[in-house]
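*Asks:* I would like the entire structure built from these sequences, with the hints used as guidance.
Using this note's numbering, read the sequence shown as starting at 1 and increasing by one per residue.
Take every hint as true, because none was put in to throw you off.
Pairs of lysine-lysine residues, derived as DSSO-like cross-links and limited to a Cα-Cα distance of at most 30 Å, are as follows: (1) Lys26 to Lys68; (2) Lys68 to Lys24; (3) Lys88 to Lys24.
If you anchor each label on the Cβ, the simulated ranges turn out as follows: (4) Gly25 to Tyr73: 19 to 27 Å; (5) Asp64 to Asn17: 27 to 35 Å; (6) Val56 to Pro85: 22 to 30 Å; (7) Glu63 to Glu29: 14 to 22 Å; (8) Pro33 to Lys88: 32 to 40 Å; (9) Gln89 to Gly54: 32 to 40 Å; (10) Leu59 to Pro33: 16 to 24 Å; (11) Gly54 to Glu81: 14 to 22 Å; (12) Gly32 to Gln89: 27 to 35 Å; (13) Tyr55 to Lys88: 31 to 39 Å; (14) Glu29 to His75: 17 to 25 Å; (15) Ile78 to Val21: 15 to 23 Å.
Honestly, the hints are just simulated from the structure, not real lab data. Ideal Cβ placement from N, Cα and C applies to all residues, glycine included.
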Amino acid sequence: MDIGAPHLFDNGTGKNNIQVVVDKGKVVEISGPWKQQRDSKAHDWRCGHWWEHGYVRRLQMPEDADWKNIEAYIHYDIYLEIRIPKSKQGRDLPQGKDVA
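*Replies:* Printed below as a string of structure tokens:
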């Protein structure tokens, strides 16, 4: 698999228009359209195309992340859960110790 191309995870989230993309195995991008949750009046400055642009959040993954096995879930049409397991190589690394 070419890790240079973004990898899209779509686990039934299409109805919510949420995309979780991994770019080059290093960055998780969560994006989707912004939906206004309440009715706005015509004179409200917040109405209009401002709310239709959407949102994007990019998060850098740790070096030991197993990006090929990421899982994304939507719960109750409200909560997005993303599970990023550690790679097998990362599990074998010695853990640091706290020094008092």
